[in-house]
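Engineer: Given next are the chains, with one letter for each unit.
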Amino acid sequence: MDFLPTLWFVVIAVLWTGYLFLEGFDLGVGMLMKLFARDNAERRVLLNTVGPVWDGNEVWLITAIGATFAAFPSWYASLLSALYLPMILVLLGLIFRAVAFEYRGKVDAVRWRGVWDWAILLGSAVSAFGVGAALALTSTGLPLNANGDRIGGAFAWFNGYAVLGGAAVVLFCVVHAAAFLALKTDGTVRERARKLFRRAAPFALLPLLAWGLAVQLSNQKPLGWALLLLGVLAVGFAVIAAARRREGWAFVGCGVFLLSMMATIFLNLFPNVLPSTLSADFSLTVQNASASPYTLGLISIIASFGVPLVLAYQGWTYWVFRKRISSRSLPAH
Amino acid sequence: MEALDIARWQFGITTVYHFLMVPLTIGLGLVVAVLQTVWLKTKKPEYLRMTKFWGKLFLINFILGVATGLVQEFQFGLAWSEYSRFVGDVFGAPLAMEALLAFFIESTFLGLWIFGWKKLPAKLHLACLWIAVLGSVVSAYFILVANSWMQHPVGVTMVDGRPRMTDAWAVFTNNTALVAFPHTIFGALAVAGGFLLGISWYHLWKRRRLGIDTVDAKKRVVVGESPVVDGKMQYPGRDKTDHKVWIRSLRIGAVVAMIAFAGTAISGDLQGKLMFEQQPMKMAAAEAACQNGTSFSILSIGDVGAKNCNDVAALIEIPGLLSFLAHGDFDTEVKGVNTLLPEYQAKYGTNLPDNPIYGDRAGQPIQYVPVMAVTYWGFRMMIGFGGIAALAAFVAFFIARRGTVPESKWLMRLAVFGILAPFGANSAGWIFTELGRQPFVVAPNPQLSGIDQVFMFTAAAVSPGVSVGELVFSLVAFIVVYAALLVVEVFLLFRYVRGGVASAMPELAAPPPDPDDEADDGDAENQKKDDDDVLAFAY
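Protein chains in written order, with the UniProt record's numbering: chain H, 1 to 333; chain X, 1 to 539.
Next up, chain H with everything else stripped away, as it sits in the complex (with noise of 0.2 Å):
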């Protein structure tokens, strides 16, 4: 086993579980915009919980795709290329909702507003959808020839795994969003995003609990199991401290589960980084589309003091705007 191709693989998984973590929140943020907010002093809570943090949050999904272009290249071009339609909605959607978050507030206008906030909402369920399917297609192939490229056609892609990925990371988002919300608001948002938690999690979380269990019956990878077991847990653990009020605990639980869901499927997925569902002889492997060990020695020293790096300002960030938000809290403008 080559260790550095094995070792970026764990970096890229890990990106990509840092994503659905960090981004998660405010991506489901973004989609409580407007059934749960109920007004603009609620919608700008919502933001606000997630204001200083969501554009950092965002450069996790920009590093895992960087760091996949430099360390499997092939894996990079055949993803993308295979996924353009899908790839291209998530730009647009994550565009959307980018800017509707800075030009919101600008103009104070009930019209303005309301615009921008149909933009959050639907840039971030639109992005979180494609996100998901695209990592679910990741984990049960695409129909990729000898070179790497998609056969079949601009929806060639389009499968049952696309929508249950997407439904998976779409819900998870909510639900993870409503643990933070319920930890990071007072007053009213804060009860009523743990009751949609206590409620909502053991329901939207199946369809994440689902693709990881098609990946685990597929592959049968002994660890899977116990990864499977401990997500379900995770989520009991999550729902009773939420209904005990401990937020803190309900939002870990959420996040144990995302963790234990991720590490089955890319636990599933290694050796192949991306599977051709033509013929295993195109598989996209750890060994077949990796950067060359040189390339890998050098961004491995980078990363090695890069990603601690930045675990520990972003950590700190989150530690100064530690404070619990309301509307109290919010300046006239």
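Please note that a few of the clues may not be correct.
Unchecked claim - Label-pair restraints from in silico Cβ distances:
#	chain 1	residue 1	chain 2	residue 2	range
1	X	A509	H	V232	54 to 60 Å
2	H	N40	X	W410	42 to 48 Å
3	X	Q345	H	A210	57 to 63 Å
4	H	D39	X	P227	48 to 54 Å
5	X	G384	H	D39	34 to 40 Å
6	X	E317	H	G152	38 to 44 Å
7	H	N40	X	G231	47 to 53 Å
No wet-lab data here; the hints were simulated from the structure.
Virtual Cβ for every residue (Gly too), placed ideally from N, Cα, C.
Knowing the structure of chain H, use the given hints to seat chain X on it.
Structural biologist: This is chain X only, laid out in the frame that chain H set:
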């Protein structure tokens, strides 16, 4: 249209668009960081206002840069998968490093700066801005390393038909990148300088027009204040400090623009000399020069885009200048297209290989001469717009030396319109350098003896699996969305510019506090509570 053409248009449009935001982000970021530093040192209120006002415009622009930058990270894999596979071993590394070492820093610390007013100690808060801004500078460096490798591949050997990185130091200290980096940073400062100057001019003019500022017999400014009607400032924020904000911003803008021009000229000269060595065809095309020569053409007639470049006739020429630009003397001949073309054909073939990867173009003759109209005019627009902006800055600085600007509406319009010139210079420069590299996406490196097979034709770089329909859909989607967002951004910028400092600091809309009122203000306790609980900045 073929997939290749659509993919190229898409890359060009998304990249040039993204690069409208980038120089303003880098340049204005540096300026705002300096302003806040000066404010912290001097505590002069005008510097706080300048920090807040220019900072607001910086953020409105920054976010669109972030949003469109995402596309850049994805699109090599989306529409250019063969390119990604070919260069992945060397090209992905600077991109990944940009994300890990620059993007994270930029976005995290900018978040801390935006939301950290009053929450962080003043010095730490300022440090956050500096770190974020320096992150954007580092980010520019990594991207230029990646781009420069496409212009001048170094530090690799060919293994199984693909370049493999063997010398990271060579890649990261590529001489092409080392000169492109200062050129880009100075280009960004030129944008920021013009931006400061144009907007400040508008506000000084507005104050003149509203009758707030007047000039005395010696044409010196007499600074006034907005009248107060019913306890409210008639023109919010336009007090005496407001005048200092604009005259200082104007002067800073003019000085920055002039320094930036000197910097771009010097670095651009070095860059040009390298390019004559590394990509002689690009420079020949920039000159529309068929024959070898020493003169630089200022203006040519005829169809510079003609395949037969003998139709081009130079109208105005400066003898010796071309040699000077290329070699630093006045009589070394610079090779023209007719000399270079056989050299390229001998080295890299006359026809594209009969390989299915080239699609319909397999076996077709290779066009080694880039579209001359674009390279010729791109080069001149870059230099011309840059020069105009610098000259305008110099003139503006002179006109405003007594502390205000003339009442002329046309001069004001010129100053505001002049904001666009450095943007034009930046875009033209990129279009010139990228299109001038054609037909190569990775231009061959004539200096790397033995491994000069490290090159790639653009025709071989597109994604073979992506259909024309998908590309058309995405191209249309990007054009529509980008156009709409540009309208919104410009609308918001106008709105905040018109509103002046008061739009970024609503507290200025209130009249200056009456000194008698402060004593019996019983709100001290409430004030304290506010500071503790209410966020200094929120969405």
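Engineer: Confirm or reject each hint.
Structural biologist: Hint check results:
Checked against the given bound of 54 to 60 Å, the beta carbons of X/A509 and H/V232, roughly 57 Å apart, stay inside it. The hinted range of 42 to 48 Å is satisfied by H/N40 and X/W410, whose Cβ atoms lie roughly 43 Å apart. Range check, X/Q345 to H/A210: about 60 Å between beta-carbon atoms, so the 57 to 63 Å window is met. The hint said 48 to 54 Å for the Cβ distance between H/D39 and X/P227, and at roughly 39 Å that hint is violated.
Take X/G384 and H/D39: their Cβ atoms lie about 54 Å apart, and the range 34 to 40 Å is violated. The hinted range of 38 to 44 Å is not satisfied by X/E317 and H/G152, whose Cβ atoms lie roughly 58 Å apart. The beta-carbon spacing between H/N40 and X/G231, approximately 29 Å, falls outside the hinted interval of 47 to 53 Å.
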